[in-house]
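There are 2 protein chains.
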Amino acid sequence: MTEQDTTKIVEALGRRARTAAARLASLRPAVKNRALLAMADRFEASASEIIAANERDLGSGRDKGLSAAMLDRLRLDAKRIGAMADAMRQVARLDDPVGEIYDMRTRPNGIRVGRMRTPFGVIGIIYESRPNVTADAGALCVKSGNAVILRGGSEAIHSNTILARLMDEAGAEAGLPEHSVQLVPTTDRAAVSAMLGMSGVIDLIIPRGGRSLIEMVVRESRIPVIKHYDGNCHVYVDASADLDMAEHIVMNAKCQRPGVCNAAESLLVHEAVAQQFLPRIGEKLVSAGVEIRGDAAVCALIPAAKPATDEDHRTEFLDLVISAAVVPNLDAAIAWINEYGSHHTEAIITRDHDCAMRFLAGVDSACVHVNASTRFSDGGEYGLGCEIGISTDKLHARGPMGLVELTTSKFVVLGEGQVRE
Amino acid sequence: MTEQDTTKIVEALGRRARTAAARLASLRPAVKNRALLAMADRFEASASEIIAANERDLGSGRDKGLSAAMLDRLRLDAKRIGAMADAMRQVARLDDPVGEIYDMRTRPNGIRVGRMRTPFGVIGIIYESRPNVTADAGALCVKSGNAVILRGGSEAIHSNTILARLMDEAGAEAGLPEHSVQLVPTTDRAAVSAMLGMSGVIDLIIPRGGRSLIEMVVRESRIPVIKHYDGNCHVYVDASADLDMAEHIVMNAKCQRPGVCNAAESLLVHEAVAQQFLPRIGEKLVSAGVEIRGDAAVCALIPAAKPATDEDHRTEFLDLVISAAVVPNLDAAIAWINEYGSHHTEAIITRDHDCAMRFLAGVDSACVHVNASTRFSDGGEYGLGCEIGISTDKLHARGPMGLVELTTSKFVVLGEGQVRE
Numbered sequence: 001m002t003e004q005d006t007t008k009i010v011e012a013l014g015r016r017a018r019t020a021a022a023r024l025a026s027l028r029p030a031v032k033n034r035a036l037l038a039m040a041d042r043f044e045a046s047a048s049e050i051i052a053a054n055e056r057d058l059g060s061g062r063d064k065g066l067s068a069a070m071l072d073r074l075r076l077d078a079k080r081i082g083a084m085a086d087a088m089r090q091v092a093r094l095d096d097p098v099g100e101i102y103d104m105r106t107r108p109n110g111i112r113v114g115r116m117r118t119p120f121g122v123i124g125i126i127y128e129s130r131p132n133v134t135a136d137a138g139a140l141c142v143k144s145g146n147a148v149i150l151r152g153g154s155e156a157i158h159s160n161t162i163l164a165r166l167m168d169e170a171g172a173e174a175g176l177p178e179h180s181v182q183l184v185p186t187t188d189r190a191a192v193s194a195m196l197g198m199s200g201v202i203d204l205i206i207p208r209g210g211r212s213l214i215e216m217v218v219r220e221s222r223i224p225v226i227k228h229y230d231g232n233c234h235v236y237v238d239a240s241a242d243l244d245m246a247e248h249i250v251m252n253a254k255c256q257r258p259g260v261c262n263a264a265e266s267l268l269v270h271e272a273v274a275q276q277f278l279p280r281i282g283e284k285l286v287s288a289g290v291e292i293r294g295d296a297a298v299c300a301l302i303p304a305a306k307p308a309t310d311e312d313h314r315t316e317f318l319d320l321v322i323s324a325a326v327v328p329n330l331d332a333a334i335a336w337i338n339e340y341g342s343h344h345t346e347a348i349i350t351r352d353h354d355c356a357m358r359f360l361a362g363v364d365s366a367c368v369h370v371n372a373s374t375r376f377s378d379g380g381e382y383g384l385g386c387e388i389g390i391s392t393d394k395l396h397a398r399g400p401m402g403l404v405e406l407t408t409s410k411f412v413v414l415g416e417g418q419v420r421e
Numbered sequence: 422m423t424e425q426d427t428t429k430i431v432e433a434l435g436r437r438a439r440t441a442a443a444r445l446a447s448l449r450p451a452v453k454n455r456a457l458l459a460m461a462d463r464f465e466a467s468a469s470e471i472i473a474a475n476e477r478d479l480g481s482g483r484d485k486g487l488s489a490a491m492l493d494r495l496r497l498d499a500k501r502i503g504a505m506a507d508a509m510r511q512v513a514r515l516d517d518p519v520g521e522i523y524d525m526r527t528r529p530n531g532i533r534v535g536r537m538r539t540p541f542g543v544i545g546i547i548y549e550s551r552p553n554v555t556a557d558a559g560a561l562c563v564k565s566g567n568a569v570i571l572r573g574g575s576e577a578i579h580s581n582t583i584l585a586r587l588m589d590e591a592g593a594e595a596g597l598p599e600h601s602v603q604l605v606p607t608t609d610r611a612a613v614s615a616m617l618g619m620s621g622v623i624d625l626i627i628p629r630g631g632r633s634l635i636e637m638v639v640r641e642s643r644i645p646v647i648k649h650y651d652g653n654c655h656v657y658v659d660a661s662a663d664l665d666m667a668e669h670i671v672m673n674a675k676c677q678r679p680g681v682c683n684a685a686e687s688l689l690v691h692e693a694v695a696q697q698f699l700p701r702i703g704e705k706l707v708s709a710g711v712e713i714r715g716d717a718a719v720c721a722l723i724p725a726a727k728p729a730t731d732e733d734h735r736t737e738f739l740d741l742v743i744s745a746a747v748v749p750n751l752d753a754a755i756a757w758i759n760e761y762g763s764h765h766t767e768a769i770i771t772r773d774h775d776c777a778m779r780f781l782a783g784v785d786s787a788c789v790h791v792n793a794s795t796r797f798s799d800g801g802e803y804g805l806g807c808e809i810g811i812s813t814d815k816l817h818a819r820g821p822m823g824l825v826e827l828t829t830s831k832f833v834v835l836g837e838g839q840v841r842e
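From first to last, the protein sequence lines are chains X and P. The numbers in the first sequence follow the working numbering, run straight up by one, and end at 421. The numbers in the second sequence follow the working numbering, run straight up by one, and end at 842.
These are computed hints drawn from the structure, not numbers from a lab. Hints are not guaranteed to be accurate.
[To be verified] Selected chain P positions facing chain X (Cβ under 10 Å, derived; list incomplete):
1) 755
2) 778
3) 781
4) 817
Quick caveat: nothing in here was measured; it's all calculated off a predicted structure. Glycine included, every Cβ here is placed at the ideal spot set by N, Cα and C.
Please put together the full structure from these sequences, using the hints given.
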């Protein structure tokens, strides 16, 4: 296919999405929820068809030499299809953010001024490998009243194609506008470029995947992008910390699920408690199989620790590895985190109220925790009900993003004929 | 100066701004307010120095053949300096948004999750001609805890230079970090490009000026931009409108101050009331000196109306001109506004509750009014206390932007040692 053909295809998706979006914006919650439940049922009813499509992706994946782990992420079976359907049913049960009016105030002249949550319009999701993103992101966009254009990776093209088609068909039968959920049918690189140039048609781009994908999207996009890169999360153990609590939180933040973005990658310890805390946490970490890369002070107190490079302190290991350093005071800890961190999630362990407040104000990250594991920075754990992703940007959404973050707002004014004097 | 020199100068401003921002973020409100009052006093104490610098700008303006209107916008006298100082004192009196914690909820495991408003860090303002933007934008950025890099137009360089210097000096003497307020000392075009490339140093760019300036900023920026282009605002007179109210609001929206972005530029009338309403509003508009450009139905009912081109319906006249059309129903009015409008501010005049609600939900604009003049879409009128600008974007801020919109948020979590199971 020529680049021009690809562009034409993507532009046609855009036009259809805008038409769908105009109707989706004012659909009743009950209609959207019914559609989501219909999509979930359709997934389960079409399980064998989905599995057959998925087999084709797995076949080409094996031919291309994908790793066992990659193939496993790609695989759909009856259980995983059921889980996708259940996730959709859960989205159907969430409160609908669209149309909510908040911050209403009455002005001296009697006009009432508030803000109403409204859909963005058309959202583009650009993602890699796992086909469940198709179901997940599609459901969250529809629930928040947005049409969605999905662009998945080539490894999952057959799986994504059938999932998107089933969602759009079942949705339309249940009252959703046609083309509310569309998948880009080609995996050409040119399709991504075409999407990213469609300012005025697509309102928001959310990339989900590795750093190189996200960097490419940020570089090329003429449309606002919400994203996050790494999660180099820190736990800082303050001079006044309860050291039992500190141990408990460090072990949880590092070891409970080391491969995710809110796992701790860096440990900072106040010098006043370094001698007491580092040997005991060192022993615990080492017995849990964690490799420690520390500065000189850490290495002096933890025999098993290796010297850390500057790069180690900046790294998201996503593995049983932790960097560690001793800092002279709270300000040094804050400065360290702002310099070496990735502005994702950081925790302080302290009994000192003033230190807790200074840490909250001073750390320039999306999520800042006092006496709680970094692992809590997640839409579900925060009580948002769901999560479309995490933003380490500062515009619009920062931290875990739920349904509300898939909406924008407009000012609404209710008057009785007032004019400006 | 070579482009490289300019880039170096701007990068140095960026480094100083970041250092200032780190301290500004946790300054007490009282310190910031004292600094703003000191700036205001300094302006008044240095009035003759300011006027002398302004004279140089006026001189070059006259040499360059600036229009009388442009020269007037540029002019600073004792009265205008006093007004700038008073505006700063007003900013000092506003509530400080920084540090506010909102949306706090307790999760089943006992962690308390909320959001805290925090400054962006460094904000870049790129603007044209009027030197009072220097004072205004500078004060709002400081109040919201942000360091600011100002880049004004070449016509006002001497005025802007002294205003920024006085603000930074008086602020620093009152406890603000040095370099909280900086002006780019060169008017090279390269300075703007350098600013727009400083992603990671400048957190947010706000352009204020004409369309070509804003388009250039959007095209070049690697940093998030909040902006608005035109205000092609509509008043839609519904079938059920109180026609006295409609007349009152149309006249206010069009004529009270035609040169501003929230003045009405387009009138839509439901066909059921066209015969009754158009002749009378036509007469009123014409006697107020307004030129009417209408579709065939309008021209048939208003003898003085000229035929409108498609372009007329899309135009922000900023003058005593209005485009007008008759529509068959509410849906057509909404579709018209979303197609021809600029997503700024629209008003419906109606007595029908259902029509009012459908208009609020269906119109894709930053501000949607029921039975109130479009002229109210303004930070002050909405009760935001001030206005740094208006956004017709959907990300982060939409509509008039006050102090809160100059902040971002972080999630804060308060625990007692909780870990993730």
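Interface hint compliance - residue 778/P to chain X, C-beta minimum distance less than 10 Å: Holds: closest Cβ of chain X sits about 9 Å from residue 778/P, inside 10 Å.
Given hint residue 781/P near chain X, where the shortest CB pair must fall under 10 Å: holds, 5 Å
Should the hint that residue 755/P touches chain X count as held when the rule is a Cβ pair under 10 Å? holds, 9 Å
Interface hint compliance - residue 817/P to chain X, C-beta minimum distance less than 10 Å: holds, 4 Å
Checked against the numbered hints given earlier, the structure satisfies every one of them.
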